[in-house]
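Could you put together the complete structure from these sequences and hints?
Keeping their order, the protein sequence lines are chains A, B and C. Residue numbering for the first sequence is 1 to 344, as defined by my numbering. Residue numbering for the second sequence is 1001 to 1346, as defined by my numbering. Residue numbering for the third sequence is 2001 to 2140, as defined by my numbering.
Heads up, some of the hints might be wrong.
[What the hints assert, rightly or not] Chain A stretches covered by chain C per the calculated footprint, using a threshold of three residues with CB under 8 Å from any CB of chain C:
no. : segment
1   : 22–35
2   : 54–68
3   : 270–277
4   : 302–310
Calculated directly from the structure, the hints in this document are not laboratory data. Note that CB positions come from ideal geometry on N, CA and C, so glycine has one too.
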Amino acid sequence: MVSLEQLKEEVKKILSSGNIKYFIGYESLGSGWQVRPAFMRKPEEVDRLVWTPACFHNLVRFLHDEKRRRAREKNPDTRPVGLLVKGCDSRAINVLVQEKYIERKDVYLIGVSCELLGVIDEVKLKRHLPGLKPQKVLFGQKETIKVITDDDKEIEIEASEILADRCLECPANFPVVADIILGEKIKKNVTSPYQSISPYERMSVEERWSFWQGQFSRCLRCYACRSVCPMCYCDECVADSIAYAVTADTTADEKAQKIKWVERNPEPSENIFYHLVRAIHLAGRCVDCGECERVCPVEIPLRLLNKKLEKEARELFGYEVGFDASQPPLIACFRDNDPQDFIR
Amino acid sequence: MEKIIQKSAFPQWLKSLQAFKIFLPKRASYGWELSSNHELQEIPEDYTYPVVPPKKLIFPQEEIFFEFEQNPEDGIKLKEILPEAEQQVIFGVRPCDGRAVKAMDLVFGGTYEDPYYWRRRRQTVLVGLACSQPPSENCFCLSVEGSPSSEEGLDILLTDLGDRYFVKAITEQGKSLLSAASSLFSEPGTRDREAREKIHLEAEKKIKRHLPSARELPERIKAIFDSDFWDEESLNCLRCGICTYLCPTCHCFDINDETKSLAPLKGRRVRTWDTCQFPDFTMHSSGHNPRPDRASRLRQRLSHKFLYFILLFDRFQCVGCGRCVTLCPVGIDIIEVLTRARNHGA
Amino acid sequence: MAEEFEPRIVAFLCKWCSSAGADLAGVSRMEYPPNIIPIQVMCSGSVSPLYIFSALSHGADGVLVSGCHPGDCHYIKGNYYARRRLALVKKLLEYIGLEPQRFQMSWVSATEGIKFTQIVKDLVRELQPLGPQNKLRRKF
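What follows is the structure, encoded as structure tokens:
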């Protein structure tokens, strides 16, 4: 079990040393079991820290804001940013380092092992407690999650029934890169890492289309999926930019000739185009932190798209995402014997 | 006009409204949605409120203004596309969403009426359903001058009395909805009225979240306009569009020309939802952006709801539905933020 | 006589090999179906997935990307990158339910005029029974 006290001690230590700018961890929402990202600058603030199965957020995402902040400031504070990382989050760090978006020295990572558990899925939680309101969600002993309801009942739920799908397929349940790691580094035994996508792979072409079309017709194009993704750091998204890099020097010609690949309206064809572009741009970069799916207000199962490409990357090209920061990006390298049976 | 209708007679009432497109709450995988599926015949017991508010049916996410086409003889011709003439009835509108429609009426009405909005609005009948308990953990309608039984913006307000609905027809349009099936409606008795009163009062007590002294907020927000309070509060913000797209009163839009072909020129002009939380929302073509950071955008959203709307219309734009609080992926809670804003530097 | 559906195929042909091969077919007066819309690109490696999605969005019934044989790329490695990237695009499009025949790749060298005509004939034959592509097509 990860000791919260030890975690707080480590964060207090690094904050007191003055070697990091601030630390990003998790804190409880006002009431209830949910948590949210918390920015801590002073050692006294570490009491806000929590570590529960509700810590789903990928805090690596906040490095985008840090980088943009530094770009704006005249004399930026170049101390590293402290981050709490789970296994999946640490792989995201490796991808960002691999792409030279950040340098390893820009972050101070306090890793926590999920041991044999992980984070829960809120939808599964609701299903397990019809009518009851969870007040606290805690790591249980032996592969269970303990839920305390608001009428003080304690319920132990088997991890396999309530953990997020991505945790059931997790290739790295403890950080692969960190300055210190808390908790036991026991490798989780995952027998079917692509269990969640196999039903869709087995469907016929028309069944698949019917499924995905139904999903994308709900899309509101709120772009929460893109906004929360640690790998979507482009200032100007090629699919549909909400942040054009326009300066006083941009000529009228440049503005007029910008290619609009996707229209802003939420027609199904445009929604699908946006999601396809995002999925292909994440091929070989997505670490399956599951955030895109979690934040979607209309619950489109987005990680199924990225997981499929992750599987193809591994099976076709022997490529694993986020374990080695020195490997080249997936589409910037090739092997002589890459499959070409689909090419006439 | 006050009536009673047995829940068992509800499907027959729906049948009498065949001339309308009827929207009823439907269970979706992610929550509730308003659907015109013909198989829906009732409002389920455990209905809360739709994730995407009724504004989508009056102010759709895609509104075509006109089509343009160029031909060699006549040059460029415009063809105006007004919304289809289709009457619609929306059942299950919670009082907060009803007040939200009223707020949008103020924005799109006044001296200059938006023809697209009003064409749909005048074709829409809103049948509200009073809350017997808060639909959400984060409801705070009482704090923004709403209530679980508010009639504002609604044509009819239903109150669930168990096996029957208490039907209060508020507007002429509401009354006309009852006339098509008048045999299904009976006069309410004292017991009915008492039950209704009790439910309305009890519902108010069940609301857990409050934003006390909200009328003090406009001055307080104005006072801390330049403060770095907003920088701290917006640290978590991802600048997605969830809070604004799912807010029942947010109505900012973008207008784009979608060109189908350049020669001959052919295309259409479309209005879509937009959000002040996207960085480009206030980007000028010179490259200057008056709201370049998340702090200024968070400040804008809260100021619009709790200061500017008060100055314009003397009412809160926020109706206390709690959707933004529940759905924000990073836990930015406007009730907490505003409470801190009120106390900041006070 | 019933009008047979004629698929419209957008073909991204690399300038140095495939486009030259298509030109050879033309210059040699070889007949092949007129269903393709050839777009010359400098290298198959320069074909972005966006072009393919865009072609489908604009109503293409099929998309072909054709480049130099591995080892013969004018820019040395471009076609290797294309092979990898477009394999992923193909898998993704199939996964969301687009018929696999609608996106194809080929290696056609500058001398393979006959091969090019054969590829186009095969493509048209495979796409005819599928009908118009309405899944990703923009409806406005």
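Hint-by-hint comparison with the structure:
1. 22–35: violated (count 0)
2. 54–68: It is violated, with 0 qualifying residues against the three required.
3. 270–277: holds (count 5)
4. 302–310: holds (count 3)
Hint check: violations occur at hints 1, 2; the rest are consistent with the structure.
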